[in-house]
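Number of protein chains: 2
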Amino acid sequence: MSNTLLRALRSSASTSSTAKVGRLPWGVSTIAGVRCMSIPAAGTSGLPDIDTSKLKVNKNTSPKTPPPAKDLKFGHTFTDHMLAIPWNVTTGWGAPQIQPYGPLALDPSSTVLHYAQTIFEGMKAYRHDDGKVTLFRPDMNMKRMNNSAQRIALPTFNGDALLSLIKELVRTDKHWIPREPGHSLYVRPTMIGTQKAIGVGPPSDALLFVICSPVGPYYPNGFKPVSLYGTTEYVRASPGGTGAYKLGVNYAPGILPQKAAASLGYAQNLWLHGPEHHLTEVGTMNMFVVFRKEDGAIELVTPPLDGMILPGVTRDSVLALAREHASGKNRLPNLPEKLVVSERPVTMKEVREASLSGKLVELFGAGTAAVISPVDKIGYLGQDVLIPTGADGMGPVSNPIWAELVGRQTGAIHSEWSVVVD
Amino acid sequence: MSNTLLRALRSSASTSSTAKVGRLPWGVSTIAGVRCMSIPAAGTSGLPDIDTSKLKVNKNTSPKTPPPAKDLKFGHTFTDHMLAIPWNVTTGWGAPQIQPYGPLALDPSSTVLHYAQTIFEGMKAYRHDDGKVTLFRPDMNMKRMNNSAQRIALPTFNGDALLSLIKELVRTDKHWIPREPGHSLYVRPTMIGTQKAIGVGPPSDALLFVICSPVGPYYPNGFKPVSLYGTTEYVRASPGGTGAYKLGVNYAPGILPQKAAASLGYAQNLWLHGPEHHLTEVGTMNMFVVFRKEDGAIELVTPPLDGMILPGVTRDSVLALAREHASGKNRLPNLPEKLVVSERPVTMKEVREASLSGKLVELFGAGTAAVISPVDKIGYLGQDVLIPTGADGMGPVSNPIWAELVGRQTGAIHSEWSVVVD
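Which chain is which? The protein sequence lines are R and A, in order. Residue numbers for the first sequence follow our numbering, beginning at 1 and rising by one. Residue numbers for the second sequence follow our numbering, beginning at 1 and rising by one.
Just chain R, with the same shape it has in the complex (with noise of 0.2 Å):
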C-alpha cells in the first residue's frame, strides 16, 4: 500500500463499515474507493485507549541474575519483567500490567498461530556513561507500530502512553542493561492477534505485550564486511504488499532464501526486484549505496519509499545526518564535502557499472540491531560485483555518519533523539 493510500485510509473514518455506499468516484484506481472506505482504528473508535494511570505492576518475586555481559546472545536472554496489555473490540484497551517474564496462555485456535497476525518493533534502550538511560527516537516506533496494526486490521493506539509504558518497564529492569561499551537493551514490541476462533477476520481480540533483552555489539571484533547474494528467484516485498509495513508476515518467507544464499558462500541476501533488478533491502536491513559522481561530488542513495521498502528508524537517521550536513546545516567530521543525499531506484546494472569503473564508494545497511553493515561484494548472475570497504571495515560515508549515530545514541554527543528514560 502506498502511503498516499495510508493517508487516504487515514483521513477517511466518516461512515461506518457496514455502510452501504452508491456509485462511488472512482476517477484514479489506484485509489479507487478508498475516500469511502472506513478502517474503524480501536484509538479512534470512542472505546478506552491504553491508560497509563491503570497500569498495574506485579514484580517478579524470584528476580534472575543477568548473565556476564560475554555470553550474550543475540536474543536468548530476556529480563525479570514483560509488560502485557489486553484488548478487546468492545471494550478497547485494557489494564497495562507489568509482570513477571513468563509464558503467555493462547488457546491453539488464537488467530496469531493461524494467520500471522503479529506486528513488531525493535528499539534499543542505551545506558550513557554518566548512567542515564536514554531510548533512541522511541517515537518512531510507536508511529510506525500504529502504521503496522492498522495495515493488518489490530487495534491501534496512543503512542505516548505505550511509550511512557515502555519507560517504566526499562526502568523496572534497567539493572539488566549491560555496563559495558557497545551493549544495550533491545526492547520488542509486539502486537498479536488472540481471538479464539478459526475464522480469517479482524480479531475481537488481541494482546500487546514488550519483552527486553540485553544484547552485546554486533560486531565484537571490529566491522566485519558482509557478502550478499544478490537474490532474483524470491522477493521480500512487491507492489501492494506489506513490504512497507513491520509485520511478521515478511520475516519468515525470508529464511529459506537466506539458508540458501549461505550455501551459496553469502551470508545475506541482497533483495534485488523487477526485471530491472533494482536493489530493496538487505536481509532484514535498508540498504544504502555510495556513487562518486563525474564532477567528484559523493553521491548517498537509497531506495525511496514506494510501498516496498520498510521506513527504517536508521534509515531516517542516516539520511537526515547526511542531508544536514549536506545542506551545511550540521557539519560532520570527515565526511566529504560535496555530499548528495537521493531517495531514488538503483539497479544491478549501476551498481555492477560503478564497481566496474572505479565509481563505486561504498554499499551498506542500516539497521537497529546492527546499526551499520558494510558489504564487500554481491553475488549476481554468476560474478561476484566488488565492493570497496576500508580499513576498519567501512567506507568513508558510512564511517563519520556511524560515528555521530552511535555518539547520539550512547549521549557522547547531545541530541535531542535520545530521550531520556531513567
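Just so you know, not all the hints are guaranteed correct.
Copies of the same chain are indistinguishable here, so a pair counts whether it falls within one copy or spans any two.
Said to hold, decoys possible - No farther apart than 27 Å at their CA atoms in a straight line, the calculated lysine-lysine pairs in the DSS-like style are these:
(1) Lys359 / Lys73
(2) Lys196 / Lys174
(3) Lys338 / Lys132
(4) Lys124 / Lys54
(5) Lys174 / Lys64
Please keep in mind that the hints were generated in silico from the structure rather than gathered at the bench.
Given chain R's structure and the hints, the job is docking chain A onto it.
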C-alpha cells in the same frame, strides 16, 4: 517459488549447509545455484520422525456436551481433545499426544509470535448415512503441509504418520460430528515455530498441533451468489512470493482489503494481478470461470499453478472430475457434453468481454469451507461486470460438479477420495 524450484530444492540434499561452494552452474538464472543448495528437512535428516507407536492419550476428564448444530458458528467451537507433537532440531519429532483441548503455554519470545512461522491445513471429516466417518483426500493435505513446512524452514514429517494420528483424534471425538445434513468436523492441522529467541532464522523448536471444530453448511439456506471487488490496490501473492503455500503469512494481509471491499458493498476480493489484471483467487478460495466458445463447447478455466496460486484440494478435485467427464472416463449427469478444461491465465478483459457478448457462463470460488461459492458480479474499474447464475444460485458446470463432489464427500457416491476413519 516455482514447483520446479521446489523439486530442485528437494532433490538436492548432498552438501552440508556450511559447505563452501565454488563457481556454480549458473546457466538458468531463475534456479541459479539451486542444485548446490542444501535445505535439510527433519524428515530426511536421520532424526526421529513422527512415530505413531509413541502416541500417548491423555483423556479429557471434563468433556463438554456438543452444542446444538443450529448454534454452530464456523470455527468458534472446538472438541474435547487436540493432538500435539513437539519437534526439536537435535532430537527430532517427540512423542505425539492426544490431550484435552486447552491453552498452549508459549514463551513471549516464541518465533511464531514475531516472525509468523506458521503453516496450516484445512480438512473435513464427514459422517456418512451408514455411520462411517471419512476424511476427503487427506493425503493431499499431508503433502501440501510438508511443502509449506519446507518453504518456511519448519521441519517436514512423515505424512502417513500424521494422518494416522489425525484419524485417531477424529475417532476420539467422533461424537462431535453433527448428524445434520451438510455438517462436518473441520480439522485444522497447524505447525508453529516455538524457539524462545528473537533472532530471525530456522527455529530450534516447533509444535505441530491439530484441533477440530464442528461446522454447519456454508450456505444453510441454499446457495447465495456473492459479489466480488476486483482488487488492484493490494496483491494476495506475487512471483517469487509465497502464494503457492498454505502459510499463515498469506492470510493476515488480506483482512484489510476484505474490509475495504465490504465497505464498498462487495463480499470478497477478486485478487487481480499484473498490468493485464489477471484473475488469480477469490478471497481465500481458488477461482474458476466458464466460457461458451464459438463452436458451442463449454470451457472451464482456472489459473495455472504458476507459483502464485494455492494448489487447493477442491481445485484439484473440480479439475479431475471435469477432465474425467470431458474424456468420457466418468460422465457426470447434467454436465455439458462438450467440455474443455483449461489451466490457463485469464484476464479481466476476457471476462468483461465475455459478459457483454453473452459468452460468460459462470464464475465461482472453490475451497474446503464452502466447496463451491458462486459469484454474481465483479466490481471492476468503477463498473459492475455481471455474471450469470442459475435458478438455484449455481451455474450449469458448477452445479453437477458440486453434486458429485459432495456426494463423494458424504458417502452418497462411492469414491477412493473418501478415506475411512472409523
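Results for each hint:
Taking the closest pair of Cα atoms, Lys359 and Lys73 never come within 27 Å of each other, the shortest separation being 38 Å inside a single copy and 64 Å across copies. Within a single copy, Lys196 and Lys174 get their C-alpha atoms only as close as 35 Å, which misses the 27 Å cut-off; across copies the closest is 22 Å, which meets it. In the homo-oligomer, the alpha carbons of Lys338 and Lys132 never lie at most 27 Å apart, since the shortest distance is 36 Å inside one protomer and 80 Å across protomers. In this homomeric assembly, Lys124 and Lys54 come within 27 Å of each other (Cα to Cα) only inside a single copy, at 25 Å, whereas the closest approach across copies is 45 Å.
Taking CA atoms no more than 27 Å apart as the test, Lys174 paired with Lys64 passes inside one copy only; the shortest distance there is 13 Å, against 47 Å between copies.
Checked against the numbered hints given earlier, the structure breaks hints 1, 3 and satisfies all the rest.
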